[in-house]
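Novice: Taken in order, these protein sequences are the chains called P and S.
25 is the number that this note's numbering gives to position 25 of the first sequence; each next residue is one higher, with no gaps.
13 is the number that this note's numbering gives to position 13 of the second sequence; each next residue is one higher, with no gaps.
Mixed in with the good hints, there may be bad ones.
As the list claims (entries may be wrong) - Coverage of chain S stretches by chain P, computed from C-beta distances (three or more under 8 Å per stretch; other residues unrestricted):
id, region
1, 63 to 72
2, 76 to 87
Stated by the list, open to error - If the Cβ cut is set under 10 Å, some of the chain S residues that face chain P in the computed set are:
id, residue
3, Tyr-33
4, Arg-50
5, Tyr-54
6, Gly-100
Claimed, not checked - Here are the simulated DSSO-like pairs of lysine-lysine, each with C-alpha atoms no more than 27 Å apart in a straight line:
id, chain 1, residue 1, chain 2, residue 2
7, P, Lys-41, S, Lys-73
8, P, Lys-71, P, Lys-9
9, P, Lys-44, S, Lys-73
10, S, Lys-78, P, Lys-40
Bear in mind the hints are in silico, worked out from the structure with no lab data behind them.
Every residue, glycine too, gets a C-beta built ideally from N, C-alpha and C.
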Amino acid sequence: DTAVSQTPKYLVTQMGNDKSIKCEQNLGHDTMYWYKQDSKKFLKIMFSYNNKELIINETVPNRFSPKSPDKAHLNLHINSLELGDSAVYFCASSQQGRQTQYFGPGTRLLVL
Amino acid sequence: AQTVTQSQPEMSVQEAETVTLSCTYDTSESNYYLFWYKQPPSRQMILVIRQEAYKQQNATENRFSVNFQKAAKSFSLKISDSQLGDTAMYFCAFMKHGSGTASKLTFGTGTRLQVTL
Chain P
1 DTAVSQTPKY
11 LVTQMGNDKS
21 IKCEQNLGHD
31 TMYWYKQDSK
41 KFLKIMFSYN
51 NKELIINETV
61 PNRFSPKSPD
71 KAHLNLHINS
81 LELGDSAVYF
91 CASSQQGRQT
101 QYFGPGTRLL
111 VL
Chain S
1 AQTVTQSQPE
11 MSVQEAETVT
21 LSCTYDTSES
31 NYYLFWYKQP
41 PSRQMILVIR
51 QEAYKQQNAT
61 ENRFSVNFQK
71 AAKSFSLKIS
81 DSQLGDTAMY
91 FCAFMKHGSG
101 TASKLTFGTG
111 TRLQVTL
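For reference, chain S alone in the conformation it holds in the complex (with noise of 0.2 Å):
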């Protein structure tokens, strides 16, 4: 079984700087992929980004990065230019390669993060 780890149970940061969550994984997958979904005080799940285990060129969206580290099972989500807009829970998920029983999320236990002025 698959599991995921997340150190950080809670961190701060000021706006405009930067920060790094981190999250491990444990899995005899080889093909698998990575997520990691934002949940602001709404509730609403935002998918934040994603990574596919056989690319090893870390995903980018805007100011959003991983370092995917596939060797020590390591997937950090760096968020750039923090903004207040940014405060949320962050949390880091698995999936398997594959359909039907493969398809489903396993989740972190997620990260507070708050966007201090």
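Chain P with its partners taken away, still in its complex shape (with noise of 0.2 Å):
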């Protein structure tokens, strides 16, 4: 009965390689998004979707690339991995005029 998942939790790879971080949310929600946790911990927002139409896009290299497939699924591709994307990828969602998010549990990329 998970509420909003990611996969994987756990990702190490090496530069220069491409990776996918899965969300899907089972909440009914229509909006979802994409966070980034450096390792101050600080978060920033990256992307979001609603009804599968970006609608915030942030200053961010375009090697990110999410895709919304339908409603409930979020993913995040990231091309040509650098070191400075080791990072924690939080997923979250929220229905359009309500203004609660609700989080994934994080998925901790470490590129070597």
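Dock the two chains into a complex; use the hints.
Specialist: See the structure below:
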């Protein structure tokens, strides 16, 4: 009965590789987000989708590409991984008009 | 742009005592929402409490309450009867009123709270 789930929970990879992180929510929400938490624990919005449409796209390198196949899923694909991409990536969801965002467990990405 | 400041990087409190975590923010918006999220060592982000700026009454959730001072742009979190399970990073966050691009959370840098015996 997990509300917001992410796979994988841990990801260790080499520089230059391409990787994807998947997110799914079963709350019936129509808006999903990706946040990045850096090594100093600072959390920052990256992207947001509402009904499969991109509505927030912060200053993020274009090596990061989100994809929302449907309202319940939001995936994050990262090309040509760099050391600085090492972080915890959180997916979240909410219902438009309701402000509370529910977070997934996070994916810890380590780029070697 | 909105900014959120948490001036206490770390705090410590004894079990059963009360502790207050500070948060200030800067915005030109008149209507917005404020949140406290908790991140225990498990890494999960858990909503603790939320406050609508148009409501004068301070929000409370069991042992957690806020002191919302709109004019001062201050939003502190009070934890009463602290428990060991309250040990976590606490993040203050701001959201503009509205949908679409307004719906992003802007976080502070966090306060690490340690509850001791």
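Novice: Please go over all the hints and tell whether each is borne out by the structure.
Specialist: Evaluated hints:
1. Coverage of the region 63 to 72 of chain S by chain P is violated. Counting CB-CB distances below 8 Å, 0 residues qualify, and the rule asks for three or more.
2. Restraint check on the region 76 to 87 of chain S versus chain P: 0 residues with Cβ-Cβ distances below 8 Å, three needed, restraint violated.
3. Annotation: interface hint on Tyr-33(S) holds; nearest CB of chain P at approximately 5 Å, less than 10 Å.
4. At its closest, the beta carbon of Arg-50(S) sits 6 Å from a beta carbon of chain P; the interface hint therefore holds under the 10 Å criterion.
5. Annotation: interface hint on Tyr-54(S) violated; nearest CB of chain P at approximately 12 Å, more than 10 Å.
6. Proximity of Gly-100(S) to chain P holds as hinted, the smallest CB-CB distance being about 5 Å (cut-off 10 Å).
7. At roughly 23 Å between alpha-carbon atoms, Lys-41(P) and Lys-73(S) fall within 27 Å of each other, so this suggested pair holds.
8. At most 27 Å may separate the alpha-carbon atoms for a hinted pair to count; Lys-71(P) and Lys-9(P) meet this at roughly 21 Å.
9. Using a Cα cut-off of 27 Å, the hinted pair Lys-44(P) and Lys-73(S) holds, with the two alpha carbons roughly 21 Å apart.
10. Of the pairs offered as hints, the one joining Lys-78(S) and Lys-40(P) holds, with about 24 Å between alpha carbons and a cut-off of 27 Å not exceeded.
Checked against the numbered hints given earlier, the structure breaks hints 1, 2 and 5 and satisfies all the rest.
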